[in-house]
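K.L.:
Note that the protein sequences, when read in sequence, are chains D and G. Each residue of the first sequence is one higher than the last, beginning at 364 in our numbering. Each residue of the second sequence is one higher than the last, beginning at 1035 in our numbering.
Derived by calculation from the structure, the hints in this document are not laboratory data. Here the structure is a predicted model, which means the values were calculated and not measured. Ideal Cβ positions, reconstructed from N, Cα and C, are used throughout, including at glycine.
A few chain D residues facing chain G, derived, Cβ under 8 Å:
{"hint": "1", "residue": "S468"}
{"hint": "2", "residue": "I469"}
{"hint": "3", "residue": "N470"}
{"hint": "4", "residue": "Y525"}
{"hint": "5", "residue": "R530"}
{"hint": "6", "residue": "Y589"}
{"hint": "7", "residue": "P699"}
{"hint": "8", "residue": "R700"}
{"hint": "9", "residue": "W701"}
{"hint": "10", "residue": "W702"}
{"hint": "11", "residue": "N705"}
The calculated label-pair distances, taken between Cβ atoms and stated as ranges, are:
{"hint": "12", "chain 1": "D", "residue 1": "S688", "chain 2": "G", "residue 2": "L1103", "range": "52 to 60 Å"}
{"hint": "13", "chain 1": "D", "residue 1": "K626", "chain 2": "G", "residue 2": "P1188", "range": "36 to 44 Å"}
{"hint": "14", "chain 1": "D", "residue 1": "R437", "chain 2": "G", "residue 2": "A1199", "range": "42 to 50 Å"}
{"hint": "15", "chain 1": "D", "residue 1": "D618", "chain 2": "G", "residue 2": "F1053", "range": "52 to 60 Å"}
{"hint": "16", "chain 1": "D", "residue 1": "K511", "chain 2": "G", "residue 2": "I1115", "range": "19 to 27 Å"}
{"hint": "17", "chain 1": "G", "residue 1": "W1178", "chain 2": "D", "residue 2": "S569", "range": "31 to 39 Å"}
{"hint": "18", "chain 1": "D", "residue 1": "S696", "chain 2": "G", "residue 2": "E1047", "range": "51 to 59 Å"}
{"hint": "19", "chain 1": "D", "residue 1": "N453", "chain 2": "G", "residue 2": "D1184", "range": "34 to 42 Å"}
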Amino acid sequence: MSKAIKILSLFFIFSAAFNISAADSNMDSALKDRAKRATDNGLRFLREQQAKDGSWSGSVGITALALRAFLESRRKYTEDDGPFITRPVNFLLSHIQPDGSISESINNRNYNTAVAITALKATGNPDYDKIILNGQKFIQGLQLSEQKGYAADHKFYGGIGYGGDERPDLSNAYLAIEALKASSLDSNDPVWEKALVFVSRSQNNSETNDLNWAKNDGGFAYMPGYSPHGDAVSYGSMTHAGLISLLFAGIDKKDPRVQASYKWILDHYTLEKNPGAKHNQGLFYYYNAFAKSMKAYGEDEITDSNGILHNWRNDLSRKLLELQSKDGSWVNSDSPRWWEGNKHLVTAWSVISLNLVIK
Amino acid sequence: MTLHIPHTRKTSEWILHWFCVLLAGIIFAYTLSPDSLSSTAHRLINYALFITLTSYLLLPPARNLSQLLANSLAPIVSLFILSQLFITQTVSLKIFLPLSVMTFIFSLLLCSLKQLNVVIYGKSSISHKLVYLLTVIVILLPVWLGPWVDVYQPSIKMINSIIFATPLTHFSVAVQYDYLRSLWFYQNTPFGSLPFTYPGLMAITFNYLLIICCLQIILWRVTRHIKNSALKEKVQT
Chain D
364 MSKAIKILSL FFIFSAAFNI SAADSNMDSA LKDRAKRATD NGLRFLREQQ AKDGSWSGSV
424 GITALALRAF LESRRKYTED DGPFITRPVN FLLSHIQPDG SISESINNRN YNTAVAITAL
484 KATGNPDYDK IILNGQKFIQ GLQLSEQKGY AADHKFYGGI GYGGDERPDL SNAYLAIEAL
544 KASSLDSNDP VWEKALVFVS RSQNNSETND LNWAKNDGGF AYMPGYSPHG DAVSYGSMTH
604 AGLISLLFAG IDKKDPRVQA SYKWILDHYT LEKNPGAKHN QGLFYYYNAF AKSMKAYGED
664 EITDSNGILH NWRNDLSRKL LELQSKDGSW VNSDSPRWWE GNKHLVTAWS VISLNLVIK
Chain G
1035 MTLHIPHTRK TSEWILHWFC VLLAGIIFAY TLSPDSLSST AHRLINYALF ITLTSYLLLP
1095 PARNLSQLLA NSLAPIVSLF ILSQLFITQT VSLKIFLPLS VMTFIFSLLL CSLKQLNVVI
1155 YGKSSISHKL VYLLTVIVIL LPVWLGPWVD VYQPSIKMIN SIIFATPLTH FSVAVQYDYL
1215 RSLWFYQNTP FGSLPFTYPG LMAITFNYLL IICCLQIILW RVTRHIKNSA LKEKVQT
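Construct the complete structure from the given sequences, taking the supplied hints into account.
P.N.:
Rendered as structure tokens:
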């Protein structure tokens, strides 16, 4: 009898512990368990798809994202876990260029370098510190500023682009900012202030945007005065990218730019589509940016502009579980734009998103 | 091998030539958006293409190998002068050398086509302008095929083929410039947001040389055939 009581007591203690853990994020515990299994299935898919050289799709960018998905997962994989971690690391290291960038081609040099140094930092291995520092310098060197002939009043000032041309966009700027933050760039470095000029000028918020094009919904466009979804409309993926950029650059939550973008998110709260985007383009990029920005903002439960209460972790988990294929992968079946027809990339993004949800 | 080419040129032909030059100028200048301080590489590519097309129209067809080489080298001289006059930043040899080589190969191809045209159709034929217009159309493949790619979402292989076919890619690869993600192309074509791979410089050069060799062989055989026919006719008479 006393043995049964002991077992029951232990059961209640464990249950309580799990409930407290679930209550940390007010996330539905059953849903959290399913999300955990979904990350395992996603990682299994990626492991099965890994090339002999350790890469995914032969791309530095996709390999870095998939590697990050493993390293930040609940399994807490490290380089000690075997070649499925060390080989992608070596693949990244084999693409280091003399200028400090990490890329397999002239395409996407900022994107590739940014996600590569974020992944290398996630390994926690101090051997890569020098490489990360060089990558940081390369990204800083891409920023459009006085050194490149851009005056402070130029609409592209402070921006960062793909790295193959002098034209910036918020998507690349956000990835660069994320990488600089992850690699612990000094918060007093002038790169942050300049980046904030560009980020602020990409926002549809005439109160804080000094350029004439800006409207007043608080959301973000792809670059000052331009959106691929028509005119300079705000849309979900860029608004979350903008919010992350502001928060990672050290802007306070009470700042009018943060508040305006958060209001846009409340006004357009949905996970059924990338709000404001055409034909479901960039849907999984949206989910990824959504998870990062919501986590950075730090409120699990939010009430949208229609007065409906949401737990973003529950909502995102449900949606990603619904969209996961039987083989554990994810893909955007509506639109291949921005590489979302690539299962390796989209699965890596989705696992990273779920890793943030269940943390 | 010497070709017999008359030296007269009608005023209407000159006007048509200058119209074609203007067309090329407008098209290539348009891709340099005034919103961005476009990079040196972007400007140089536009200049190189514009000069090569202009040279094709304005220089007389080559009669022999040395003239063919001289005609093909001429755009490089103009490119050097233009880059010194209009580009304020220093143009590094790392950019200028491969661009010059690509300009030379591309000019060689066009000049060979012009030679062949002269031999087959004669100098005053409209075929030169057709070659010119076709070249402009091929250069602008990503622009006019953009809406089709956007709607029908073709396979990556098809997208890569389109990108491989246009000389814009060849010049951009030579200077390591990601032109499909430059401001104008990104805003006006869907390619920048799709997965694609630029071809390697070696593959591009090999293809050009292969086509040029084929054209020169055809030219040699056609010229020999014409000469033999003329000789036979002379003997018969």
